[in-house]
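J.: Residue strings, one per chain:
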Amino acid sequence: MKIVVCIKQVPDTKGGVKFNPDGTLDRAAMMTIMNPDDKAGLEAALRLKDQDPQNTEVTVLTMGLPKAEDVLREALAMGADKGVLVTDRVLGGADTWATSQTLAGALRNMDYDLIITGRQAIDGDTAQVGPQISEHLNIPVISYAQNLKVEGDSVIVERQFDDRYHVLKAKMPCLVTALAELNDPRYMTPGGIFDACEAEITVWGRADLKDVEDSNLGLKGSPTQIARASDKVRKGAGEKVSLDPTEAVDYIVGKLKEKHVI
Amino acid sequence: MDFTLSKKHEMARTLFREFAEKEVKPLAQEVDETEEFPRATVEKMAKAGFMGIPIPKEYGGQGCDNLTYAMCVEELAKVCGTTAVIVSAHTSLCCDPILTYGTEEQKQKYLPDLASGRKIGAFGLTEPGAGTDAQGQQTKAVLEGDEWVINGSKIFITNGKEADVYVIFAVTGMIEKRGKMIKEISSFIVEKGTPGFTFGTKEKKMGIRGSSTYELIFTDCRVPKENMLGQQGKGFNIAMHTLDGGRIGIAAQALGIGEGALDRTIAYTQERKQFGRSISAFQNTQFQLADMATKAQAAQFLVYRAACTKDQYVKDHKTSYSVEAAMAKLYAAEMAMEVTTKAVQLHGGYGYTREYDVERMMRDAKITEIYEGTSEVQRMVISSALLK
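Protein chains in written order, with my numbering: chain A, 1 to 262; chain B, 1 to 388.
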């Protein structure tokens, strides 16, 4: 089985967030980590490989700056077999649409039975890229996976849904988006790190993307306009009142009206 | 000369630090209080490959270098001296002599289990009357047919009761050297469960209290002839060479303890307020921190140099790393003792309580000046190289 896991290098929220003048993230200036949902997706793929190491190949795919190669090497050090980096100046500033177009363009060059992405990246929280890729590739998607197993030519996924979960089965090839709660990802191994640093990473640019229009790539191909961006703003302490239930309802309704919420 | 770490070493440090913070640090105080061997942590370390870092892949190890191994011990020691010494004794004192002196059969038999952490290793040289004077061995081994029969005891053995494979030393005869009759010492691999091999009392220690320190007792313990490690009579050289490598591990442990105490003291002195300002605003605190950091950095350079010199030995089997290891251990151990003592002082009364890590670290630091060659022995090694 061939599994491709899409991973993203995201800012380490412990290290502070920096922005470019146009409101996009200044990724070059920040400490980075592998996006937690993506890491769980990678772990899920590696567990499938553990069950049948001879017949399973795990490839990690990312789009980003050249330094995004680091996150691919981390994935290789955890046990992935191959890494593919899609990097090109014309791809910069991509929103979810342009990103999913880019990744789909790369995936059209690859063999896969299963594509795993994280549910969402901690720097954007959109949860759009995975489902969009599946749409571009015209394959089924099961999102919010909290459990995943393969049976024959199908995947069976527990999809998280409010206070319950759905069990869905899809025939491969298909795409699954993983939740960080899916598992506890393994550590890299020291020997894995040494091998990963020697490994060759496949690097693709714009020219290597298949069946993608220029108008769908990079900042120009991104319909999203960033009105304003900021680091996390601390919320104030709020207002505490102590009222009996009837008064409390009136008070809350009054406040909501005051703020034109209702 | 380039003082920057390579990409792979930077990644390895990130791994060790993340593991130490997440898996080891939360248990450090409990391990010290309960004096219980952190078996679950060892299993996690085994899974992550930490029990065979410098062992070649062909023997089930990670195939990394000694610098990576030293960095692992350092990062573990920053949060827990006990966990660090478990890895150090296992790797340097058991895996390494089997790798260096073992026959191909011995390597194939023991190293895959040790390097994967399925089994834990230990080393038995010290006896009640043979500490620094390692030649004063009383444990004897006599060849009977195809078996060596071992009688005697070993004390202060790290990983004592928890280990599965032991490299031990015993007198196998008397030989003439420069007109004097001296003991012929040989080395053996002994497995736990061998009839006649039992454990004595567990030591109650000042520091590294979760490490399992036991007496090993051999009473007509029979090991197969093929369990002799290296040539008959070469045991003393094997022990000394093994300890050269072990000293790099202990130096890394001492380095980590000192660095860990420094990190906590930097944080504490910025939080703690006296006379209306944080105590880090006082010049005495600043100067103390500056001295602590400078010594820790110097120790790190010595430890890394010793590890890199050993890596050179692994490649050419010629380069000696004995003096480098002795200097690293001497300096790092004394740094650890000094830095942890200052750390407790800067924490004031709180630093003397078990609520704060520096109290444990000061107790843990002391042993690094004693085991695997006291600081005095390191000075002997260094000065004898200078004056030869």
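No wet-lab data here; the hints were simulated from the structure. Since this is a predicted model, take the numbers as computed values, not measurements. A couple of the hints might just be wrong.
[Claimed, not checked] Listed next, the in silico DSS-like pairs over lysine-lysine satisfying Cα-Cα at most 25 Å (straight line):
1. A:LYS149 - B:LYS25
2. B:LYS47 - B:LYS25
3. B:LYS25 - A:LYS82
4. A:LYS67 - B:LYS25
[Said to hold, decoys possible] Derived contacts from chain B toward chain A, CB cut-off under 8 Å, selection only:
5. MET1
6. LEU5
7. LYS7
8. ARG17
9. PHE19
10. ALA46
11. ALA48
12. ILE53
13. GLY63
14. CYS64
15. THR68
16. THR132
17. GLY136
18. LYS140
Note that beta-carbon positions come from the ideal geometry of N, C-alpha and C, so glycine has one too.
J.: Decide, hint by hint, whether the structure agrees.
T.: A quick look at each hint next to the structure:
no.	hint	result
1	A:LYS149 - B:LYS25	34 Å, violated
2	B:LYS47 - B:LYS25	18 Å, holds
3	B:LYS25 - A:LYS82	33 Å, violated
4	A:LYS67 - B:LYS25	31 Å, violated
5	MET1	22 Å, violated
6	LEU5	12 Å, violated
7	LYS7	5 Å, holds
8	ARG17	11 Å, violated
9	PHE19	6 Å, holds
10	ALA46	11 Å, violated
11	ALA48	4 Å, holds
12	ILE53	5 Å, holds
13	GLY63	5 Å, holds
14	CYS64	5 Å, holds
15	THR68	6 Å, holds
16	THR132	34 Å, violated
17	GLY136	38 Å, violated
18	LYS140	40 Å, violated
In summary, the structure is inconsistent with hints 1, 3, 4, 5, 6, 8, 10, 16, 17 and 18 from the numbered list given earlier, while agreeing with the others.
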